[in-house]
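If you count the sequence shown from 1, position 7 lands on 6 in numbering that gives the first Met the number 0, and the numbers rise without skipping.
Because the hints were derived from the structure by calculation, they are not lab data.
Please read all numbers here as calculations on a predicted model, not as lab measurements.
All clues given are correct.
Computed spacing ranges between beta-carbons, pair by pair:
id : residue 1 : residue 2 : range
1  : Gly109    : Gly71     : 21 to 27 Å
2  : Ala32     : Val81     : 17 to 23 Å
3  : Ser35     : Arg95     : 30 to 36 Å
4  : Asp113    : Pro3      : 24 to 30 Å
5  : Asp42     : Ala64     : 17 to 23 Å
6  : Arg107    : Pro45     : 16 to 22 Å
7  : Gly1      : Arg92     : 17 to 23 Å
8  : Val81     : Pro45     : 26 to 32 Å
9  : Ala32     : Glu70     : 16 to 22 Å
10 : Thr2      : Ala43     : 23 to 29 Å
11 : Asp113    : Asp42     : 16 to 22 Å
12 : Arg124    : His67     : 18 to 24 Å
13 : Glu5      : Ser135    : 30 to 36 Å
The beta carbon of each residue, even a glycine, is placed where N, CA and C say it ideally should be.
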Amino acid sequence: MGTPAEQGTYVGEGLALGVLRAGFSAVALDREAVESAFGEAWDAWPWRRSFPRVQADLDRERIWAIMHRSEGRLRSCFAYWVQAGPYFHARSRVGRTPAEHLGLLAGRSGVPVDAWDGLSRDVLRVLGEERLVRASSTSPSPWGAVLDL
0 MGTPAEQGTY VGEGLALGVL RAGFSAVALD REAVESAFGE AWDAWPWRRS
50 FPRVQADLDR ERIWAIMHRS EGRLRSCFAY WVQAGPYFHA RSRVGRTPAE
100 HLGLLAGRSG VPVDAWDGLS RDVLRVLGEE RLVRASSTSP SPWGAVLDL
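Turn these sequences into a full structure, and let the hints steer you where they fit.
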């Protein structure tokens with residue numbers, strides 16, 4: 000499933016787009032909580048074997064590193080993470096909605112949209128509301144209905 004860098008990019012993008020589609024805009028800059036939540040969700044995710052270079056252990060690329068480097072990745076086609084203040088903010092590239100980008104990522108990665116949404120939803124559930132920032136309620140969501148956690 001692509002190069003190690005592509006594998007990390009796909010997972011970082013899928014997580015960012017899933018977070019946005021779930022109605023959130025950011026996660027707390029809490030390395031231990033993010034790594035733990037991702038690890039729990041990743042271990043249960045049936046598609047993880049498609050990304051052998053991404054793991055929740057020390058000898059493979061970890062989600063914290065993927066998120067931290069994603070803003071500068073030129074190969075990030077659909078979404079990325081930006082560290083600002085006490086949060087990692089999920090961002091969708093300009094030109095399409097997160098739903099459209101996730102459809103394109105599904106085609107490129109071979110992982111269905113609902114699988115990316117499921118991984119993101121599980122990470123968010125484990126993180127808990129206190130470590131999440133909801134997308135602005137003053138502006139309508141450009142990416143459709145909020146997913147239930």
